[in-house]
Amino acid sequence: MPTVTPSLWFNGNLEEAVAFYTDLFPDSTVGELSRWGPNQPGPEGTALAASFVLAGQRFNAINGGPEFPFTEAVSFVLTCADQAEIDHYWEALLAKGGEESQCGWLRDRFGLSWQVIPADLPQLLARPGAMDAMMGMRKLVVAELLAAT
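So for the sequence shown, the working numbering puts the first residue at 1; every next one is plus one.
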């Protein structure tokens, strides 16, 4: 059976990003890390590529440079059990330079886009008025979605 492994292109901050993500998410580990050697294009000893696991999902990463920054065209959906979990990940992913967007979307300090949502979002949005309420939110607040009827 084939596997699909997302590969992320960082701009010089691969090691910092991998450490941040693997510390934040349970069931996460850093795998192999390769470094630039002498007489190679990158500064000797700095990270070139890495493999890591976040919440059980394998990823690859490369310190590729500024040529291909992340955009909202690709995002990670982070499905949370409850409001406390939404709040935890929202604040952690925004820390040190992240940016809020709308409707549960944010961009972390490394430029990756995340959708931080409750597990029951489809059922919540089926309620009258909930979609309009969500459109006015940045971080999703379950109580406000439930109250918007």
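One should not assume that every hint holds.
Stated by the list, open to error - Simulated restraints on C-beta separations: (1) A19 x A73: 24 to 30 Å; (2) G42 x P128: 51 to 57 Å; (3) M131 x E32: 40 to 46 Å; (4) Q83 x V30: 38 to 44 Å; (5) G42 x V74: 20 to 26 Å; (6) D120 x L24: 20 to 26 Å; (7) T3 x P43: 29 to 35 Å; (8) E91 x G56: 51 to 57 Å; (9) Q123 x P66: 26 to 32 Å; (10) A55 x Q123: 29 to 35 Å.
For the record, the hints were derived by calculation from the structure and aren't laboratory data. Every residue gets a Cβ at the ideal spot worked out from N, C-alpha and C, and that includes glycine.
Exercise. Any of the earlier hints contradicted here, and which numbers?
Worked result: The structure conflicts with hints 4, 8, 9 and 10, although it agrees with all the remaining ones.
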